[in-house]
Amino acid sequence: MDVAFIIETIVKIVVILLIFSALAGFGTYFERKVLAFMQRRLGPMHVGPYGLLQIAADGIKLFTKEDIVPQNVVKPIFKIAPVITAATAFMAAAAIPFWPQFTVMGYTVHPIVADINVGILYVLGVMAIGLYGPLLGGMASANKWSLISAARSAAIFISYEVITGLSLLAPLMMVGSLSLIDINNYQAGGIGNWIVWSQPVAFILFWIAAFAETGRTPFHLVANDHEIIDGFGTEYSGMRWGLFFIGEYANMFFISFVMAIIFLGGFGDGTIAGAIQLILKVAFFFFFFLWTRAAWPDVRPDQLMWLCWKVLMPIAVLNVIVTGIVMMF
Amino acid sequence: MFEAIAFYLFAALTIVMFTITVMTSQALYAITAMAAGMIFISAFFFILGADFLGAIQIIVYTGAVMALYAFGMMFFDTTRDVVEKRTNPQIVFVLGVLAAVMVVAIVVAPIVSNNIQALYPVIPEVGNSQAVGMVLFTKYLVPFEVAAVMLLVAMIAGIVLAGKKMDKSLTLMGEEEIEMMQAGNQSHHERGEH
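Protein sequence lines correspond, in order, to chains D and S. Going by the numbering used here, the first residue of the first sequence is number 72, and it counts up by one from there. Going by the numbering used here, the first residue of the second sequence is number 77, and it counts up by one from there.
Chain D with its partners taken away, still in its complex shape:
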């Protein structure tokens, strides 16, 4: 195997890891600021200008806090659960094209770690493993609140997973490929070619499922805020708890990338303008996650299951059938 290829891949992996770990930190800052402005507060203001260094302060706190492992927990599983959430979030990023290919000093760089031809299936599958983190953390904690939270995360998982798959099926039938690069190139003709115009139903369904996938309000059931307790994270402290956080925010960014690439044209024809557009689309989706959290209450677990199985799934199936009929004639 080519040495240059190995070095290039390792560099890409390190860059993606560093950028998105940092972004996850900034994500918490953005979230606090956006929520604060929507609730007519100032948010973090004291550490640094406009509270910008709050991220550093939080980071130092998480890294230096004592790592408590309670007595009755199932220790190996309790310890590995946060790693699963964070690791699978970044593993999913391997098949996402973050940027169109560009040339630096005569060397063409493809900003995707592995262009496998089943990209979208791989991304969704590995992201789905991420929900094992809250589940295992909750079950291993020997704490009843954590156990209830784990049960809720299992319920969410078996509800939303069907919607993600079925809603994506219709656009994939149109494109005829599972590779995210092919999906992007299908829409390269400009804003009129975006899949969102021909598949608006699939777009809305996938967007709703994305909220369940990342566990954000209104589907923030894994750590139910009404119980005034942090669900699966109750027994965690320090960096183990921080890993759950990094995983959640990295997942938010990656699912925003996936939505922008599949439905909103991605990076278009691959020019600089297209690349900047992709960043703006991702920023919009990320902002929408925060906006929803400020504006909506959480739903109950049974309401989520009712919504997924009795409302969204029939709509998704109908959408697939209608798309098939339209494509055939």
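Quick caveat, the hints were computed from the structure, so don't treat them as lab data. Heads up, the beta-carbon is just placed ideally off N, CA and C, and yes, glycines get one too. Heads up, some of the hints might be wrong.
As the list claims (entries may be wrong) - Partial pick of chain S residues on the chain D-facing surface, computed with a CB cut under 8 Å:
no., residue
1, L104
2, T108
3, A111
4, I115
5, A131
6, I135
7, T138
8, A143
9, A146
10, T155
11, N204
12, V208
13, L212
14, S245
15, T247
Said to hold, decoys possible - Once the Cα atoms are required to be at most 20 Å apart in a straight line, the calculated EDC-like pairs of lysine to aspartate or glutamate come out as:
no., chain 1, residue 1, chain 2, residue 2
16, S, K241, S, E252
17, S, K244, D, D253
18, D, K132, D, E102
19, D, K136, D, D301
20, S, K240, S, E255
21, S, K241, S, E253
22, S, K240, S, E253
23, D, K215, D, D296
24, D, K150, S, D157
25, D, K215, S, D243
26, D, K215, S, E255
27, D, K381, S, D243
28, D, K132, D, D301
29, D, K83, D, D73
30, D, K352, D, E102
31, D, K150, D, D301
32, D, K146, S, D153
33, D, K381, D, D369
34, S, K240, D, D373
35, D, K146, D, D129
36, S, K241, D, D373
37, S, K241, S, E255
38, D, K352, D, D253
39, D, K150, D, D138
40, D, K83, D, D186
We have chain D already, so just place chain S on it with the hints.
Using the frame of chain D, we list chain S on its own:
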């Protein structure tokens, strides 16, 4: 070289995980090790160039094992050891012998496999998912449809068995309504007995 390293790494991991699944007496260890083993198996599909099957392996088994967790939560205190009842040592003996025979078969299999040809080799121009789709909807169409019908039957049976009181929601009822419903059930049972 990388393929060999990846193969031996994931082979060792898979075997260790499934060994834990069988040997441990704690439900949480067993299910978690099984989930991990199932996901590690997908690595072999990726090494063999069957990306589609690898991704499907991940998606299907994360969902399937998640359902097992739900049952585990309902039936066991998953953080404690489960005390098993071993009433029949003969079954253990028979299963042990069968497992030994299977291991011999697995080890001997490569000798036989020299005579095996791939009926549907990987076509480089056609993608993985297209190749699977073509075989599935031509040669194996009937088994595929039969499997679909069987799953439909299982789904309908599941709904019929589980969906008896689906129109009522305990969350939305008041205390008195629940008590009235339970009292109604009890009198119904008593009438049934006499």
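Hints versus structure:
no.	hint	result
1	L104	holds (6 Å)
2	T108	holds (6 Å)
3	A111	holds (7 Å)
4	I115	holds (7 Å)
5	A131	holds (4 Å)
6	I135	holds (4 Å)
7	T138	holds (5 Å)
8	A143	holds (7 Å)
9	A146	holds (5 Å)
10	T155	holds (5 Å)
11	N204	holds (6 Å)
12	V208	violated (10 Å)
13	L212	violated (15 Å)
14	S245	holds (7 Å)
15	T247	holds (6 Å)
16	S:K241 - S:E252	holds (18 Å)
17	S:K244 - D:D253	violated (47 Å)
18	D:K132 - D:E102	holds (19 Å)
19	D:K136 - D:D301	holds (18 Å)
20	S:K240 - S:E255	holds (18 Å)
21	S:K241 - S:E253	holds (14 Å)
22	S:K240 - S:E253	holds (18 Å)
23	D:K215 - D:D296	holds (15 Å)
24	D:K150 - S:D157	holds (19 Å)
25	D:K215 - S:D243	violated (29 Å)
26	D:K215 - S:E255	violated (26 Å)
27	D:K381 - S:D243	holds (13 Å)
28	D:K132 - D:D301	holds (18 Å)
29	D:K83 - D:D73	holds (16 Å)
30	D:K352 - D:E102	holds (17 Å)
31	D:K150 - D:D301	holds (17 Å)
32	D:K146 - S:D153	holds (15 Å)
33	D:K381 - D:D369	holds (19 Å)
34	S:K240 - D:D373	holds (17 Å)
35	D:K146 - D:D129	violated (26 Å)
36	S:K241 - D:D373	holds (15 Å)
37	S:K241 - S:E255	holds (15 Å)
38	D:K352 - D:D253	holds (19 Å)
39	D:K150 - D:D138	holds (10 Å)
40	D:K83 - D:D186	holds (13 Å)
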